[in-house]
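Number of protein chains: 2
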Amino acid sequence: VSWDQILSALAAICGTANVLTGRDVSDRFDGWPPSSPLGAACVVRPASTSEVAAILRHCNANGIGVVPQGGRTGISGGARASHEQVALSLERMHGIGPIDRANATITVEAGATLGAVQSAAAAEGLFYPVDIGARGTATIGGTIATNAGGNRVLRYGMTREQVLGLEAVLADGTVVSSMHAMLKNNAGYDIKHWFIGSEGTLGVITRAILRLRPQPRAAATAWMGVASFPQVTRLCELLVDHTDGALSSFEVMWPEFLDVTLRCGRHQNPLTSAHAFHVLVEIGARDASAILESGLAAAWDSGVIADAVIAQSEAQASALWAIREDSPARAAALKPAFHFDVSLPCSKMESYVEQVKAAISQGWPRSRVVAFGHVADGNLHINVGVGDGNSDTRKEVSRQVYGPLGSLGGSISAEHGIGIDKREYLHLTRTPAELHLMRLMKAQLDPGNTLNPAKVLP
Amino acid sequence: VSWDQILSALAAICGTANVLTGRDVSDRFDGWPPSSPLGAACVVRPASTSEVAAILRHCNANGIGVVPQGGRTGISGGARASHEQVALSLERMHGIGPIDRANATITVEAGATLGAVQSAAAAEGLFYPVDIGARGTATIGGTIATNAGGNRVLRYGMTREQVLGLEAVLADGTVVSSMHAMLKNNAGYDIKHWFIGSEGTLGVITRAILRLRPQPRAAATAWMGVASFPQVTRLCELLVDHTDGALSSFEVMWPEFLDVTLRCGRHQNPLTSAHAFHVLVEIGARDASAILESGLAAAWDSGVIADAVIAQSEAQASALWAIREDSPARAAALKPAFHFDVSLPCSKMESYVEQVKAAISQGWPRSRVVAFGHVADGNLHINVGVGDGNSDTRKEVSRQVYGPLGSLGGSISAEHGIGIDKREYLHLTRTPAELHLMRLMKAQLDPGNTLNPAKVLP
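Sequence order for the protein chains is L and D. For the first sequence, the numbering used here assigns the number 136 to the initial residue and increments by one for each residue that follows. For the second sequence, the numbering used here assigns the number 136 to the initial residue and increments by one for each residue that follows.
No wet-lab data here; the hints were simulated from the structure. There could be a bad hint or two in this list.
In silico negatives: residues of chain D with every beta carbon more than 12 Å from chain L [to be verified]:
(1) G198
(2) D379
(3) D422
(4) A450
(5) N514
Here are some chain L residues pointing at chain D (derived, C-beta under 8 Å) [what the hints assert, rightly or not]:
(6) L479
(7) G513
(8) S546
(9) H551
(10) I553
(11) T566
Even for Gly, the Cβ is constructed at its ideal location relative to N, Cα and C.
Could you put together the complete structure from these sequences and hints?
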């Protein structure tokens, strides 16, 4: 069939106004986000699960690849489409609700933004704990498809742990609805876990029922200087224990982090003297300040912290978080920079970072390596500036960063997924048997390779 | 091939002493547990993952069904074997450790008992939160294969949420090792979730890395009388909110529960007056008593509880839990009794229980229906005594209990799994599309139907 016929069929499903082509497509993909789609033959915007099913049925029957798109804020290229593919945007399916207060759950359509879901929960005095910087644009469907992490995984888990019910559409248009709302449901294989984190390659997520939590009544934030990594891990153990699980964030910054980030001039050093490691923590609880103060006192008594400041206002807390989250400042200081998102057991992080630094400084004597991360959940972000940003250099640097992870039991992707950009490294932390099973699953659920072709699997 | 040849081959893999036959098999399966295996052609006891792989390879090649067995404490018949099948016991693979304190993880072999893992964690000041009555016999592998729940799911999640890394052996002997130890690992499809909760039908779980938590320094327990179910749900919301997530158990007992359970004469009524609902709660935290007292004060001020008693000692707390957990007392009072384990959103539980009661009392005027459960996690246990225990009656009662669940978004199995006993009801709360995908998965991973044949899928 011709593209004209495809476009007509899609228009018959969704209405002409919801099949974007030409200039409407190029405008949409112009410049943003950084790893934006190349484009698409068209962008189709269904309004319902049955429209999604009809689109997939048609494309699958005609051998057309379909790239599901949420907020397109992912940074591994998972939503990138080519000019021969149909981009399927869930943007019109943004319904939120109902909220079941007694059951502490919310029903949402995939295209609702993460921020809108957080707000809807908060309006009922409840809390959706997943949070990432792109909250205003990223969609719930996208966060489920990529199993989004963020800063509160230590306490609340990944997105996977929040999903109680899920509806997805298979490549052939079959609607698989598992819209249950209970924490316990051991009736056969738990199919929703096949789709969560599969980056749109096995099904298009259309709806979900999410678990909500009580809204923490107060938060308390502190910034600490710590003399060594073993003391960092002891601090983490101590605070997790002391706070009875109320510790939601434990962000660790390696020595180079502050130096590089402060160079932009937008931030003040929270502490007056120099420290090897900096740690930013957040506690959410009714008496968060008291818990944090007593926790820091215990840490001080144990000699694991060298200095600390507790935020005295929301503005101060925001200023501390702004240092941690100022990726543009780091990108500018290291420019051109390569960004990595890996995970490994925190007991092995210190030596791993040393190994990576040594290898990179050997290859590029004037390089800078900036490590930071959530640590307690195994997640380490590494920014590397070596002086040039071409793709061969990126590959060489990637090999240095990813290379040691296999033998350390680590992963080449903690929370950003694989998309297109990390496919060629997947074998470094997944075994041949795992890759074989992944391919079997893809072949079984999408034998025509219609859904997000060439993503995730090499 | 003959059974003699099979037995010789298994003996060559594991040693003659680890292939039990004849009297050794019948003794092992004699009388206990209640839903015990019928028997088995033999019981084979491998000592390592590679022995498990060799056994499966051999049985798969020769068309012999293999039934993986842990502690055989499941009550849906998932570990039941026939005389034409090989029972594969993980009992010799009971290694525990190492524990990584900084990372808060423990590596275990599948045959270690849940209780032994709990103890090993506690010895390091850490905590494995999954807990069920059969802890002394149930194995970690069995709890993973069945995604065990228990009383602390509200706070810590099901077994699935504790499993960071997993090793399983496929029917053809392929070892699939995903022994990672991080909370964050978005590198491709998360294969371990395919095996967790699949009741031994997709792979034999051999090892795991489990997440550990800080040991709650203290626990506080209370028993409350509540006048209505809406007040029960308000109490739950209030306590979850008030305790900042430290509420680990919220057990609700319907009116008939206490009457039936106290009949054995072993327990005292914790409260002096009669109440419609009884609620047992447990909080784990450093200052658990203070949190519980202030929570109960808030509940009292809000008018949601009519009476309450706080345990003043561990002995008193144990006495309260003994009432909740005295299944034998209820079984004796209702004898012969049918036991059900369902889940549904807690906002729909009251009307559901009324509906079930009405239907059963219409069919069996002298019946007793006893409902109780964890409620906040959606789990309801229902014991029914109608005067006879034959299998036709069981089927009729099952239809009354399971029948309404589909339209309520519920599940025929909250935590006990499907095994053999619930297969014929699976379609009541799973759609044809879900069942189709489950069958596809089974056919893909175990095309010879070697692993736990006839379990889970109808």
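Exercise. Taking the least C-beta to C-beta distance, is H551(L) closer than 8 Å to chain D?
Worked result: Check passed: Cβ of H551(L) comes within 7 Å of chain D, closer than 8 Å.
Exercise. Can the hint on G513(L) be confirmed by a CB-to-CB distance to chain D that is less than 8 Å?
Worked result: This hint holds: G513(L) lies near chain D, its Cβ roughly 3 Å from the closest one there, short of 8 Å.
Exercise. Closest CB-CB distance from N514(D) to chain L, is it above 12 Å?
Worked result: violated (5 Å)
For this session: Tell me if S546(L) is really an interface residue toward chain D, meaning its C-beta lies closer than 8 Å to one of theirs.
Result: holds (4 Å)
Problem set entry | Exclusion check [G198(D) not at the chain L interface, CB over 12 Å] | The claim stands: G198(D) keeps its Cβ more than 12 Å from every Cβ of chain L (closest is about 22 Å).
Problem set entry | chain D contact restraint on T566(L) - CB to CB distance below 8 Å | holds (6 Å)
Problem set entry | Closest CB of chain L to the CB of A450(D) still more than 12 Å away | Holds, since 24 Å exceeds 12 Å.
Exercise. Beyond 12 Å from chain L, beta-carbon-wise, is D422(D)?
Worked result: violated (8 Å)
Exercise. Holds or violated: is the Cβ of D379(D) farther than 12 Å from all Cβ atoms of chain L?
Worked result: violated (4 Å)
Exercise. Should the interface hint for L479(L) be scored as holding, given a Cβ-Cβ cut-off of 8 Å against chain D?
Worked result: Nearest chain D Cβ about 7 Å off; hint holds.
Problem set entry | Interface hint for I553(L), Cβ within 8 Å of any Cβ on chain D | This interface hint holds because 6 Å falls under the 8 Å limit.
Of the numbered hints stated above, those contradicted by the structure are hints 2, 3 and 5, listed in ascending order.
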